[in-house]
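Top to bottom, those sequences are chains A and B. Just so you know, we're using my numbering here: the first sequence kicks off at 2 and counts up by one. Just so you know, we're using my numbering here: the second sequence kicks off at 61 and counts up by one.
No lab work stands behind these hints, which were simulated from the structure alone. For glycine and all other residues, C-beta sits at the position ideal for the given N, C-alpha and C. Heads up, some of the hints might be wrong.
Once the Cα atoms are required to be at most 16 Å apart in a straight line, the calculated EDC-like pairs of lysine to aspartate or glutamate come out as [what the hints assert, rightly or not]: (1) B:Lys136 with B:Glu74; (2) A:Lys37 with A:Glu85; (3) B:Lys128 with B:Asp65; (4) A:Lys42 with B:Glu69; (5) A:Lys20 with A:Glu103; (6) A:Lys19 with A:Asp86; (7) A:Lys20 with A:Glu53; (8) A:Lys41 with B:Glu115; (9) B:Lys128 with B:Asp155; (10) B:Lys141 with B:Glu115; (11) A:Lys42 with B:Asp65; (12) B:Lys136 with B:Glu115; (13) B:Lys128 with B:Asp142; (14) A:Lys41 with B:Asp65; (15) A:Lys42 with B:Glu115; (16) A:Lys39 with A:Asp86; (17) A:Lys41 with B:Glu69; (18) A:Lys37 with A:Glu4; (19) B:Lys117 with B:Glu101; (20) A:Lys10 with B:Glu137; (21) A:Lys23 with A:Glu59; (22) A:Lys54 with A:Glu68; (23) A:Lys39 with B:Asp112; (24) A:Lys37 with B:Asp155; (25) B:Lys141 with B:Asp65; (26) A:Lys23 with A:Glu68; (27) B:Lys117 with B:Glu137; (28) A:Lys37 with B:Glu101; (29) A:Lys20 with A:Glu4; (30) A:Lys37 with A:Glu53.
Negatives, chain A to chain B, calculated, CB over 12 Å [claimed, not checked]: (31) Met14; (32) Pro67; (33) Ser95; (34) Gln104.
With beta-carbon atoms standing in for the labels, derived distance ranges [unchecked claim]: (35) B:Lys167 with A:Lys41: 29 to 37 Å; (36) A:Val61 with B:Pro168: 20 to 28 Å; (37) B:Phe89 with A:Pro62: 25 to 33 Å.
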Amino acid sequence: DTEVTQTPKHLVMGMTNKKSLKCEQHMGHRAMYWYKQKAKKPPELMFVYSYEKLSINESVPSRFSPECPNSSLLNLHLHALQPEDSALYLCASSQTTGQGYEQYFGPGTRLTVT
Amino acid sequence: GQNIDQPTEMTATEGAIVQINCTYQTSGFNGLFWYQQHAGEAPTFLSYNVLDGLEEKGRFSSFLSRSKGYSYLLLKELQMKDSASYLCAVNVDNDMRFGAGTRLTVKP
């Protein structure tokens, strides 16, 4: 199983809502990532978890809150988002964060903030 | 800062060969990856280089020169389904930094 799954596929939320994005992998990978991708732009790294511990936080606003409950699951909790946060949110995983380990991406959640 | 540069767009003909270049200036280097991304879909891994030289995988090859901060992705026998964005990404201190991507259009 070389699949990373993400739910939901699409999400529309208001600026006062609280929602969560979910990501799951069963490849035994110990590194998981959240990326944000705007149209016609490359993915931008948001967070990296290594062995369920947050290892990189790329100065992301606190309205985005990651959580890694176990080695297979990664959540992104959303609160008080802005319309400019509308984007494709990609989850990825790799064996570890070390050299040479490719990242496997999930299909993404397309988020629209109204 | 980290700079990873690729051409924005390229066009090629079905059956031909195309080379997509990537130059980088980064504070560290743990390898260079190429990903393919079709519109509205997630990136998928194509190749990885950490040592200088050419890596070949079927119709795709990737080359790296660390001293020049340069890589290219070579696509042979182009097919219509190869129309996609191709992302060059450098692993810097366990952090994957992506170039802006090259949008390739394959024409009949």
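Worksheet item: Lys128 of chain B and Asp142 of chain B: Cα distance at most 16 Å?
Response: violated, 28 Å
Worksheet entry | Hinted pair Lys20 of chain A and Glu103 of chain A, Cα distance within 16 Å | violated, 29 Å
Discussion item. Assuming the hint says 20 to 28 Å, is it satisfied by the Cβ distance from Val61 of chain A to Pro168 of chain B or not?
Written reply: Roughly 44 Å apart at Cβ, these two residues miss the hinted range, so it is violated.
Worksheet entry | Assertion that Gln104 of chain A lies outside the chain B interface [Cβ separation over 12 Å] | violated, 6 Å
Worksheet entry | Restraint check for Lys23 of chain A with Glu68 of chain A, where alpha carbons must lie at most 16 Å apart | holds, 10 Å
Worksheet item: Going straight from one Cα to the other, do Lys39 of chain A and Asp86 of chain A come out at no more than 16 Å?
Response: Status holds; Cα separation ~9 Å.
Worksheet entry | Nearest-CB test (12 Å) between chain B and Met14 of chain A | Non-interface label on Met14 of chain A holds, nearest chain B Cβ at 20 Å vs cutoff 12 Å.
Fill in: Satisfaction of hint between Glu115 of chain B and Lys42 of chain A, Cα-Cα up to 16 Å
Between Lys42 of chain A and Glu115 of chain B the Cα gap is close to 27 Å, so the pair fails against 16 Å, i.e. violated.
Worksheet entry | Given pair status - Glu68 of chain A, Lys54 of chain A, alpha carbons within 16 Å | holds, 9 Å
Worksheet item: Is the hinted pair Lys141 of chain B and Asp65 of chain B satisfied, with a Cα-Cα distance of at most 16 Å?
Response: Violated, at about 24 Å.
Fill in: Hinted pair Lys42 of chain A and Glu69 of chain B, Cα distance within 16 Å
holds, 13 Å
Worksheet item: Within 16 Å, alpha carbon to alpha carbon, are Lys141 of chain B and Glu115 of chain B?
Response: violated, 22 Å
The structure is inconsistent with the numbered hints 5, 7, 8, 9, 10, 13, 15, 18, 19, 20, 21, 23, 25, 29, 30, 33, 34, 35, 36, although it conforms to all the rest.
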